[in-house]
Amino acid sequence: MVGIFIQPGAFAITPHKVSVCILLKIYAPPGLRAVPYPFISIAQHNRLGLFLLALTKSCDDIVEPKLDEFIHQFRVAGGFSSHWYINHLTSSLSSLLSPDDLFNFFAEMRGILAGPDSGVVEDDQLMLDLNSNLGIFLRRCVLAFNLLSFEGVCHLLTNIEIYRKEAPSSCPPYEQPCLDDSSSNLETCSEYENMDLENFVYEKVSEEIEARKEASEKVPFHLHAPKTLLDLVDDIDVPADLVSKHSEKGRQAGSYGDPTNNMLPDTDPSSGTFLRTNWQVQGYLQEQADTIEKDGSSVSLNGFEIILQQLQKMAPELHRVHFLRYLNSQSHDDYIAALENLHCYFDYSAGTEGFDFVPPVSSNSYGKYEIALLCLGMMQFHFGHPKLALEVLTEAVRVSQQQSNDTCLAYTLAAISNLLFENGISSTSKMLGLSYSPLTSVGITLSVQQQLFVLLRGSLKRAESLKLKRLVASNHLAMAKFDLTHVQRPLLSFGPKAFMKLRTCPVDVCKEIRLSYHLISDFGSEGSAMTVDGAFSTAWLKNLQKPMGSLVLSLESGSSNSSNVFQFCAQPTSIPGSVLQLLGSSYLLRATAWELYGSAPLSRMNALVHATCFADASSSSDAALAYVKLIQHLAVFKGYRGAFSALKIAEEKFLSVSKSQILLCKLQLLHDCALHRGQLKLAQQVCDELRVLASPVTGVDMQLKTEAGLRHARTLLAASQFREAASVAHSLFCMCYGYNLQVENASVLLLLAEIHKKSGNAVVGLPYALASLSFCQSFNLDLLKASATLTLAELWLSLGSSHATRALNLIHGAFPMILGHGGLELCSRAYIIEAKCYLSDPNFNVSENYEVVIDSLRQASDELQLLEYHEMAAEAFYLMAMVYDKLGQLEKREEAAASFKKHILALNNPQDKDD
Amino acid sequence: MSSKESCRSELRIAIRQLNDRCLCSASKWAAEQLTGIEQDPAKFTPSNTRFQRGSSSIQRRYRTKDITTTPVSGVSYVTTPVMVEDDLVDGDFYLLAKSYFDCREYKRAAHVLRDQTGRKSLFLRCYALYMAGEKRKEEEMIELEGPLGKSDAINQELVSLERELSTLRKNGTIDPFGLYLYGLVLKQKGSESLSRTVLEESVNNYPWNWNAWSELQSLCTTIDILNSLNLNNHWMKDFFLASAYQELRMHNESLAKYQYLQGIFGYSNYIQAQVAKAQYSLREFDQVEAIFEELLRNDPYRVDDMDMYSNVLYAKESASALSHLAHRVFMTDKYRPESCCIIGNYYSLKGMHEKSVVYFRRALKLNKNYLSAWTLMGHEFVEMKNTPAAVDAYRRAVDIDPCDYRAWYGLGQAYEMMGMPFYALHYFRKSVFLQPNDSRLWIAMGQCYETEQLRMLDDAIKCYKRAADCNDGEAIALHQLAKLHSDLGRLDEAAFYYKKDLERMEDEDREGPNMVEALVYLATYCRGQKRDEEAEVYCTRLLDYTGPERETAKSLLRGMGMESTQSGHPGMDIEHLPP
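Keeping their order, the protein sequence lines are chains A and B.
The first sequence begins at 1 in this note's numbering and counts up by one.
The second sequence begins at 1 in this note's numbering and counts up by one.
If you're looking for bench data, these hints aren't it; they were derived computationally from the structure.
Remember, predicted model here, so these are calculated numbers, not experimental data.
Possibly wrong hints are sitting among the right ones.
Unchecked claim - Covered stretches of chain A, going by a simulated chain B footprint (3 or more residues, C-beta under 8 Å):
1) 88-94
2) 151-162
3) 398-408
What the hints assert, rightly or not - Residues of chain B clear of chain A, computed beta-carbon distances all greater than 10 Å:
4) Leu219
5) Tyr427
6) Met560
Cβ atoms here follow ideal geometry from the backbone N, Cα and C, with glycine treated the same way.
One chain only, chain B, in its complex shape:
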């Protein structure tokens, strides 16, 4: 790993270069990482480290192990951003164009640069054209809404841009930024593999452009594609890999990468948020909550990723915290899809589903491909018993991302609600295929098999078994397994699972009807198997409870007592002889 100092100087230069090219979000990202690098406390006054103090506590809490291993050092390492800067001949025009660009007057910017030949100017002109096209595209999307849905508006500049950039690439006069733009254009035109190659070239020559990395990442839809990339070793690659792993649902790998990166960028909000994301996928809600609390303390006006925080708060049912969050993001920027989503979550938690749908809808109006809003809206419709609408919403989520197991699960649930369990199975199958380690999904599928219309108990048992194997948090699976086996007359298996369930409840200190049920069954079972001593243990435990079970236990005990007084049971004696 390169030193903190070199990272810092690389980033400083890179930010300037990115800014010159108006790649704002990339430079924002780079700047965030720059301040995320841990400062040497000896050299700086406390005021410098003011922003960084808070995060150390969370690191103390959750950084379990400090990863010090370094990856294999790179063969071809680009250390500092080396770019041939343009001479000052066309500098004035460039300055004007950049000002236009910053004011979002893209076409004017491009026009000013029409005759300029410097690389920087050339890139800026192309980029301005691209942005102009994008802006127009957005407008047209609304203008051209056809009778059967939005017709697909496209960026009108793509064709000419592609032509120009490809000639540049052939001439070899293209710089990494041009390559990035070329890759972007190609991706939009649908030639993905070429786009991947071009972007690969771009990041290998200039690794500090996070935009290029993230475009590349969106093109890596499978692990095979990811592995086939030929990337130079650079610390930016680690960021890339971490994010790619996350998208490919390899959460643990991604988490490991991020933890490694935290060695340098110890105070990076970005990394923290990503870690939170991974933890969220691993359903470690407490950790996620702590991370987000920390993040908000350091960066109170942050809206990015806050929808995930709201999901966590929703899951933990902390309404007041959720309302605080909603208020905060609302004041910061109400027209962000994330904000609407958070408010929707809040209303949903309050049980006001109509209102929550309104906000999810608004989120979708702002971003039609906002995946989680579709899914969440589906949940709301389910709550409102409007199943067709729910099905529609879920299906849209699935069409945006076919790997969204929540939406598949929602679809299954919706169909099950409509009394179509067999039809629903298709969807449950999809969802467990995508998330085979989630016990809730297996349990839902098992319940579906168990419905009175289907009664496919053997299949249900298989599902519950899988659920039990994936560490079922709510311990439904074991109980169901026991019950199903006893229904099917497989007494031994039933006893096995009841016992397991009982042990588990003891471990977790849980009481309840399930406990009583297990005890009653085990008592009668042992009694039936002539293992009276065991039966007695269960019966005595039952005596602690009230209700009819207590009576059952008493009568069982009485029966055993009578038998033992008659002492006509040599078999039992033999059984209990000490070995």
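Chain A with its partners taken away, still in its complex shape:
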């Protein structure tokens, strides 16, 4: 606020903090030695210390627990007979009756702090180090109390009274203190209890823990947390099972409303609810933001909104709430609310609020509104308004250049290139050319791809010089994506034309992916210097998340049977989630790349790696994508039965995201299956459904639109409506050409060739097939090339038997690729065509070499039956019957003919089988 600026981060003393102080006094009573009275063992003593530490660090909620909740936590967490402590706590609380009691209490609290000059500490004297976490906490409490006015002390007194009175009534039935139910984590637990604590001076509890962890794991988990957090947070975390429980709960919440709701204390302030400390609240918000970005639908819109409302009421100057609101409404597709909240947040905060916000003293006080533009642009992008988004992002580029905010510029450029990549924008020169690009100043207009390239390079360069590691990595990934589908041409083309190889370069793709992979080693060696860009990154790149090392110490009373809170979290990895996510997407990109290049095993392997190693870290849509890839692989290589059962599993797993990836995959499978079985009506229906999924805005969801168009044409083709099919394919080609979707063009051309082949115009089909071939060549689409070769062979063959040898040669050339990487359909097609070639070759003597033909046909028919591809299976059996007929093997001929008849009947009377 401008008018009345309040220093953020002030620390208020509350009843809850008073009770923590009371426990602290038990923990480190002044003047006592060794293990103080109530503790039985050192381990127990440590346990209390950890509990207190955790209490001051956790950011799982925004309000402090009430006394009953607190006692409950304590019991659950304690693991030792806690009656004495609770009695002591309540009696101490109730002895605070007058302001003077409070004064005395805090004066005593000062006694348990070691003096600043206590260099010589006796061996086993218990003292809180001034600079330890608990020491700092205590000092802040004492200081906050000393700063209180008399009115403040009175308020504290009333609040303590309320706090105390609320306790007994609503206490949930306590579980038995549960030392024993932590079976899974017993090991770490016992390890901890054996901890060597001979030297009992409480110098930095945290340091001990950290050192221990370091010894076991080499890299402490939270080294990558934002620095402020790091200072305050230690390496205690929830046991893994708790985390999963948490997330599970979150997922349920999506459909039933938020259960945390019920636990929310009354909003009535008279019931004595207090916010936690500033950074605890911020940490909570941060965590929520991460969850939303990872999987937005796991947070319930209204449930979270209520929490935010409460928070805003209690802390009107905490503007980050608006940002969270924005995220929340965005993830639930509420455009208007998202827009409002975004504007509201940046109006208040000027882009300079957050963990790491230092009130502008010397730095420019003009705010960082360019971040607002960046966010707005990404929001418009998210909601499918690419034109608007581009306008906004262009403005963001301009403003960040004016404010010389290079970090923002780098992110903005990345965002723009992402936008250009995802959306077909036919001409950007107007806006982009004006503001950014070193080349346009020379007066050269660039094509969209070239601009994309320039932008990516610009972003990469900036990110590298600013050491924005995540951005560098994701830019490399984007680069790889770019290289995958674009032929690079020189940007400037004056003078004599240089030699150009018009091909994509797979080596470049691999190189870029490898470069992005370096990120992981950076994080391994680097430690916590990685925090500067943390504050920005959350919202900036959709796939980049903030390094959020903070802890969920799930302390709610509901999780009664949860195991011991004091497990060290045996996290399998010390890499921040965002980095893992990036790595995961690099694997996905590899899978995609190999899919395009035509190596099925490599593609499957990479998808598998993602699904097994990165499933937890990656965003739900990425994870779904990996599943989709695996399912598609299954369908192509193992037939539909397996694919559908796998799909069912995936659908259950990704309930909340079923809209996008999984649904798409399901429709694709259904369509393929229907086409093969000859259920054309169903196929058309599925195809229409697919088309509806795409946004109506031009230029958005291009992939989906192409897919729908291709499938539409294919359906028409199956229905022998050649003219319509051709016209659909033709307009599809025009669209792909307009939006520079070259890879898609290759398959559209192939489809056109296919259409002409089926309609009997082999001569017209040939050029299409050749064009498709050349596209495949320049984009290294080997598998597609093989299938184009097959089509070409068929076309030659249909020109007459004189071309049979040529066709045969073509097929034999493609065979290694097809047999190595092709799916069932492609292989069997190749077999059939090969057989056809042999049969139509006048020099081929059936009776001598019939084994060659029959073998191929049998193989083909087996595979086709697996696919239930009736049309082609019928063809195979027909050919088989012909061969047998020529050989005079009547019995076998009849058998083949019967199979032929079966398939033809099935094709002509498509009945919906149950599946």
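With chain A held as given, fit chain B onto it using these hints.
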């Protein structure tokens, strides 16, 4: 409409009753209206009408038409305040409590009345409790200021009051005053619809409590809610409707109501101030100024609404009048937010923006939700080139009242200043949505579209068109329209707008570069269209000016002269044949 006499007697009784219940502001309001009723000059000596003389002049000046139509007479009419007064048993305690209350010792007052059962005592006890809670709340607001802003202190008495009053209401033993208090409590607790019903009940039973009306009015946030209220016909309802219309920005309707009410309450300062408010919203600054001059003459120590007067003076740039006003309110009561605001305005007019911010801040310290101070402070920050602060101030204004189009407009301007025109458009859009008839807003939006970063000229043209349609006072829109069209090569449209602009300038007797520009364009345009005679008219007009345009005109004329001497232009002759 009821007669003046009946209004007068109703009000007289009501004031006493309101006073008994310590509803001071309501009784103040009622008393103001009471003296606002026009006296019968025959019955009273001039000294009685002393206070009323001044206002007649303004009425003469501005009451355009006397509205005599009466509304449909009410079905259920409460004529005189009928209240069952308590018997005198608990009278003594009541008197003590009332004295305590008047001395602002609320808790003591409530304590004295703890066992009293009379309705009046009961109300006073509850009201005292409520006031005590309010007082404590105010104190706590400051005491409890948390690290992240003020935590929301609430009135601690609300819960018990609600419990008690709702049982009373269920028993049917609650009186209209109790209902008013109940409505107040409910409103603070956030149950608005129930509160509305309760307040409705209260005003239907006892219409003279202006406090209840104004609480009810603050709950009518949309016209639909207002229309759904079921209110008995009473002249107080007209006051209510007028004020509600004003809040809903239906200024003309509100003005009509007030003018109607002036038929009875001809000398009411309140009504005059409200009329001024409406006129201010309609941007009739001269009238507003006259009204306020009159008001100040009759009521020299008035502070209410004077901030609006200062805004008018600011807009008219009369610094000395503003300084007089500032001095006057400062001497009357310096710790009123209005006073601070007026002083802020004065400094702003003097160009001393830092000082003015200090006073706006003080106003906000006195009343955190003082809307116009936030907006005005935003303006000052804009002047001081401190845009982030300006944005913050405007945003606070918008959060207090999302319908404040000035603040939205300010936000847009601030962002435009920072070179973010596209971002600013969002805010301009908001402001024109709220005030679609204000040409300045449309022009600002058009200019935003026109900036060199955006160059979305077609959209700019749309905005200027809207501005031109709303009677653009400064005639920027027409000129811009003409210019944009000519930039875009749409010559005919450009000529059309230049011509319109020219006509307008002629009407208003304005000269200037725009005039020259329009003449030059029209001359060349007509020349290009071979309408030489018209072109000649424009050219000759241009000859009156100095500068390069004069030369252009001369050369144009020369060209036309040569053509006509060659007389090789039959087409022209045909064109100019008399019909």
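Here's how the hints hold up against the structure:
Closer than 8 Å: that is the beta-carbon criterion, and the segment 88-94 of chain A has 0 residues meeting it against chain B, so the requirement of 3 is violated. Coverage of a stretch by a chain is defined here by at least three residues with a beta carbon nearer than 8 Å to that chain's beta carbons; for the segment 151-162 of chain A and chain B the count is 3, and the condition holds. Restraint check on the segment 398-408 of chain A versus chain B: 3 residues with Cβ-Cβ distances below 8 Å, three needed, restraint holds. For Leu219/B, the condition that its CB be more than 10 Å from all CB atoms of chain A holds, with the nearest at approximately 20 Å.
With a minimum CB-CB distance of about 8 Å to chain A, Tyr427/B fails to clear the 10 Å threshold, and the non-interface call is violated. Once the 10 Å rule is applied to beta carbons, Met560/B is consistent with being away from chain A; the minimum gap is 41 Å.
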